[in-house]
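Novice: What follows is each chain in one-letter form.
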Amino acid sequence: MTLFRLVLEFMKTGLFSVGGGLATLPFLYEMSDATGWFSHADIADMIAVSESTPGAIGINMSTYAGFKTAGVPGGIAATLALAAPSVIIILIIARFLHRFRENRLVDGAFYGLRPASIAMITAAGLNVAKVALVDLSAYEQTGRLMDLFTWKAILLGALIFIGQRKLKWSPVIFIAISAVVGILLKF
Amino acid sequence: MNTLLELYWTFVKIGCVTFGGGYAMLPILERELVDKRGWTTMDDLRDYFSIGQCTPGIIALNVSTFIGEKRARIPGALAATAGFLSAPIAIILVIAAFLTNFAELDVVQHAFAGIRVCVCVLIVQAVLRLWKRSVVDAFTLGLYLAVFALNAFSSLLPVKIPAAVLVLLSGAAGILISLRKGRTGSGTGKGEAE
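First to last, the sequence lines map onto chains A and B. Note that numbering that gives the first Met the number 0 has the first sequence beginning at 0, numbered continuously upward. Note that numbering that gives the first Met the number 0 has the second sequence beginning at 0, numbered continuously upward.
These are computed hints drawn from the structure, not numbers from a lab. Just to be clear, a hint being listed does not mean it is correct.
[Unchecked claim] Once the Cα atoms are required to be at most 25 Å apart in a straight line, the calculated DMTMM-like pairs of lysine to aspartate or glutamate come out as:
hint, chain 1, residue 1, chain 2, residue 2
1, A, K185, B, E103
2, B, K131, A, E101
3, A, K151, B, D34
4, A, K185, B, D34
5, B, K180, A, E101
6, B, K159, A, E101
7, A, K129, B, E103
8, A, K167, B, E5
9, A, K185, A, D44
10, A, K165, B, D42
11, A, K129, B, D34
12, A, K167, B, D34
13, A, K151, B, E5
14, A, K67, A, E101
15, A, K167, B, E103
Using the sequences provided together with the hints, build the complete structure.
Specialist: Here is the structure:
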């Protein structure tokens, strides 16, 4: 019975949260109030965990809440429930795309969607950069512009940028190297 | 059957390294799916991202479903999605069961601060690569700047415009402008013949 409610609640979240993983947050807070399966503090912890592990916050939270309420089967069921609505919707859209890809209206829509899409990718990059390359609290303390930037992070970023262009390594290798550098230099 | 297994396994690997939200996975998808396997094109990937942005669910997941569908219809979509979910589920189950203060560990925080720098660079490079085929004239440049400003500085606005709304408006603007010009889009990004 609990498993059934878990599936239902997370399906609802999956169906109505549009956008990035963080779009699931309002639904998670609602669910926490309504069911008591996890606390608001649990959600905050899970945001931190989601940032440090692969996977989006919505996915991670469903696994966590499912596990807490109904063990391993609960964790798996809740996660699959979260994914189910979007999978069905994408399948429908994909079919539509195959058929209408050459249509003038669809082509026109993509003419506008393409720049919008990379604009949002740029904004996402800026958001990461704000946390990764800038240290606002140090700047506020000292007031010196030099302290606003995390110089070793910027140096690492520049090296990765050049490395990526010169070497044909997989991004995964660069991610691993960055993690090690982060630990060694105490980023 | 082999196709499905390969899809599943590829997305298990992608799921393992997708830190920092859907867009961070773009460079990894490019490497694994476009360069190495030729399953899709960079243009298609970008289109999947823009659709995934305005449909329900997590973007990364929507993109996985799309690619799986393109490769092997419904079974492919399910295999790719399940693959993408496998690693996060396993990791969270382990963390929930054994490690309560995982995110507070110093090592984890330092490692992640390093990873964020890399993610940043990877995103910049994805944008640079897509630029030429997306921003092709004055209209698309204007749209790029407008959407970027509204999205990046949404906290300065009295009301936050949801990303999905921006995407839908951009699509509508694209249709209007291309109809007025009587053009057929930029001529790029069409699904290639399979």
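Novice: All hints, please: hold or fail.
Specialist: We went through each hint and held it up to the structure:
A C-alpha spacing of about 14 Å is found between A:K185 and B:E103, which places the hinted pair at or below 25 Å, so the restraint holds. In summary, the hint linking B:K131 to A:E101 is supported, as the alpha carbons are separated by about 21 Å, within the 25 Å threshold. A threshold of 25 Å between alpha carbons decides the hint, and for A:K151 with B:D34 the separation of about 31 Å lies outside it, so the pair is violated. For the hint linking A:K185 to B:D34, the alpha-carbon distance of about 34 Å lies beyond 25 Å, and the restraint is violated.
Between the alpha carbons of B:K180 and A:E101 the distance comes to roughly 17 Å, so the proposed pair stays at or under 25 Å and holds. Restraint check for B:K159 and A:E101: not satisfied, since their Cα atoms lie roughly 34 Å apart, outside the 25 Å limit. Taking the CA atoms of A:K129 and B:E103, the gap is about 21 Å. The hint holds against a cut of 25 Å. Only pairs whose Cα atoms come within 25 Å are accepted, and A:K167 paired with B:E5 is accepted, the gap being roughly 23 Å.
Restraint check for A:K185 and A:D44: satisfied, since their Cα atoms lie roughly 22 Å apart, inside the 25 Å limit. Distance restraint check for A:K165 and B:D42: the Cα-Cα separation of roughly 23 Å lies within the 25 Å cut-off, and the hinted pair is therefore satisfied. With a C-alpha separation of about 30 Å, the suggested pair A:K129 and B:D34 falls outside the 25 Å cut-off, and the hint is violated. Restraint check for A:K167 and B:D34: satisfied, since their Cα atoms lie roughly 11 Å apart, inside the 25 Å limit.
Distance restraint check for A:K151 and B:E5: the Cα-Cα separation of roughly 39 Å exceeds the 25 Å cut-off, and the hinted pair is therefore not satisfied. As the CA atoms of A:K67 and A:E101 are separated by approximately 48 Å, the hinted pair breaks the 25 Å bound. Between the alpha carbons of A:K167 and B:E103 the distance comes to roughly 34 Å, so the proposed pair goes past 25 Å and is violated.
Hints 3, 4, 6, 11, 13, 14, 15 from the earlier list are contradicted by this structure; the remaining hints agree with it.
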